[in-house]
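Visitor: What follows is the residue order along each chain.
Number of protein chains: 2
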Amino acid sequence: MIAKDDILAAFNFRHACKTFDPAKKISDADFGFILETGRLSPSSFGFEPWRFVVIQSPALREALKATVWGGQGQLPTASHVVAILCRKGGMRYDAAHIRHMMVDVQKLPEDKVAMKLDRYRKFQESDFRLLDSPRALFDWACKQAYVALGNMMTSAALIGIDSCPIEGYDVAATEALLVKEGVLDGEEFGLAVMAAFGYRINPQSAKTRQSMEEVVAWVR
Amino acid sequence: MIAKDDILAAFNFRHACKTFDPAKKISDADFGFILETGRLSPSSFGFEPWRFVVIQSPALREALKATVWGGQGQLPTASHVVAILCRKGGMRYDAAHIRHMMVDVQKLPEDKVAMKLDRYRKFQESDFRLLDSPRALFDWACKQAYVALGNMMTSAALIGIDSCPIEGYDVAATEALLVKEGVLDGEEFGLAVMAAFGYRINPQSAKTRQSMEEVVAWVR
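Protein sequences, first through last, are from chains A and B.
Each residue of the first sequence is one higher than the last, beginning at 1 in my numbering.
Each residue of the second sequence is one higher than the last, beginning at 1 in my numbering.
Just chain A, same shape as in the assembly (with noise of 0.2 Å):
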């Protein structure tokens, strides 16, 4: 149980830090320990669609400056850079995938297997419609993504670390680049979303927010 302060406090740390200091270098445990609040992230059936590539090739890094506008300052001065891929058609029913997450890692029985993979069907198909194209499959798969990048920036809030959102960049052109590096196995994941952590150079701005009243309904 920790203080409800101590974890707002980290809250309001956290910002969308642009340029890090160059000089200081997030630890092994400590990344370490990023990674796994990423890993233990909560997704959707609990079919992990995502892989955690942390970029720390500077080559790398100079030649995303490129595609990723949003990534200038960031890129070069971060102690640590994570793309985030997630599965493209390995996230349908019918993907060896998910019967590997089922049988191998969840260790269901096949009975349970069955009946879960008929649950999932139904979702995919008819729930969500997630099946309607492949965009809309992968965006789904995006958005448990998105789960396991805020609990990165937060866990490494919590500890300390600045970290950095970044959705600015030329998708196509950013997932070309990955793929001619060997990075991105491109018929099997399309980049989620990416990160930067490391420790800022400059003071954060002040936050903004909507109000909770702005934001916040209640059905009594």
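Since the hints were derived computationally from the structure, they do not count as laboratory data.
These numbers were taken from a predicted model, which means no experiment stands behind them.
Wrong hints could be hidden among the right ones.
In this list, chains with the same sequence are indistinguishable; a pair is considered to hold if it fits within one copy or across any two.
What the hints assert, rightly or not - Only pairs whose alpha carbons sit at most 25 Å apart, straight line, appear in this in silico DSS-like list of lysine-lysine:
no., residue 1, residue 2
1, LYS24, LYS4
2, LYS24, LYS180
3, LYS122, LYS65
4, LYS116, LYS207
5, LYS116, LYS18
6, LYS18, LYS65
7, LYS65, LYS112
8, LYS107, LYS18
9, LYS4, LYS65
10, LYS24, LYS88
11, LYS112, LYS180
12, LYS4, LYS180
13, LYS4, LYS107
14, LYS88, LYS116
Based on the hints, put chain B in the right spot on chain A.
Guide: Okay, now just chain B, sitting in the frame of chain A:
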């Protein structure tokens, strides 16, 4: 600065709690804290597409059981149920909400508003191709909501409160019900995802995840 082991304990404590102890209610202070961590969550461009509707009405929860197959145990027993809504067309670069966020919430001067709007338009038009369809735009808004969802579940776990993310519903039927009940303005908002909060009544089952080696890759 909070101890990593204490945070990881919360990540391991969190699980998809299907049935809550109906006798145990989350205090106003604790639930206000959970909402606050949702409100303080980051969103793309800081445009906060979300609205958190706390559904406490027993009648509405009972009605929702007809369309929310994944909430049969949670809806009657959870201390608090949240439907996270997201703006639809209101997230377009030319919508009133976007100008409201920049001018009234972020309090940007007019020259900065013009620059940011130009960047946001290009982001929507070409970088992420969000204007290809209303669904693409809404799914992207929902991705932001999943960051808030993840943060709310994590912050709950950090103070010993259980939760369950809920995607198990027929989207069209559930939205239609919420519209009929006057909870959802279907022109402006859609249903992104739901979540239940409370205190477990059963022990959690063992957590299963792919190994770190399966989900993380390094480019050095």
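Visitor: A separate judgement is required for each hint: does it hold in the structure or not?
Guide: Going down the list of hints, with the structure as the test:
Proximity of LYS24 to LYS4 under the C-alpha cut-off of 25 Å is restricted to the inter-copy arrangement: shortest distance 19 Å between copies versus 29 Å within a copy. For a Cα distance limit of 25 Å, the shortest separation of LYS24 from LYS180 qualifies neither inside one copy, at 30 Å, nor across copies, at 55 Å. In this homomeric assembly, LYS122 and LYS65 come within 25 Å of each other (Cα to Cα) only across copies, at 17 Å, whereas the closest approach inside a single copy is 42 Å. When the C-alpha separation of LYS116 and LYS207 is checked against a cutoff of 25 Å, the pair qualifies only between copies, where the shortest distance is 17 Å, while the shortest distance within a copy is 43 Å.
Taking the shortest alpha-carbon separations for LYS116 and LYS18, only the inter-copy value of 16 Å comes in at or below 25 Å, while the best intra-copy value is 43 Å. In this homomeric assembly, LYS18 and LYS65 come within 25 Å of each other (Cα to Cα) only inside a single copy, at 14 Å, whereas the closest approach across copies is 45 Å. In this assembly of identical chains, LYS65 and LYS112 lie within 25 Å of each other by CA distance solely across copies; the values are 23 Å between and 47 Å within a copy. With identical chains, the CA atoms of LYS107 and LYS18 are at most 25 Å apart between copies only, with a shortest distance of 20 Å across copies and 42 Å within one.
Neither within a single protomer nor between protomers do LYS4 and LYS65 lie at most 25 Å apart by alpha-carbon distance, with minima of 39 Å and 33 Å respectively. Taking the shortest Cα distances, LYS24 and LYS88 never come within 25 Å of each other, neither inside one copy (36 Å) nor across copies (41 Å). Within a single copy, LYS112 and LYS180 get their C-alpha atoms no closer than 41 Å, and across copies no closer than 36 Å, so neither meets the 25 Å cut-off. Neither within a single protomer nor between protomers do LYS4 and LYS180 lie at most 25 Å apart by alpha-carbon distance, with minima of 46 Å and 37 Å respectively.
Proximity of LYS4 to LYS107 under the C-alpha cut-off of 25 Å is found in neither arrangement, the shortest distances being 36 Å within a copy and 29 Å between copies. With identical chains, the CA atoms of LYS88 and LYS116 are at most 25 Å apart within one copy only, with a shortest distance of 20 Å there and 31 Å across copies.
In summary, the structure is inconsistent with hints 2, 9, 10, 11, 12, 13 from the numbered list given earlier, while agreeing with the others.
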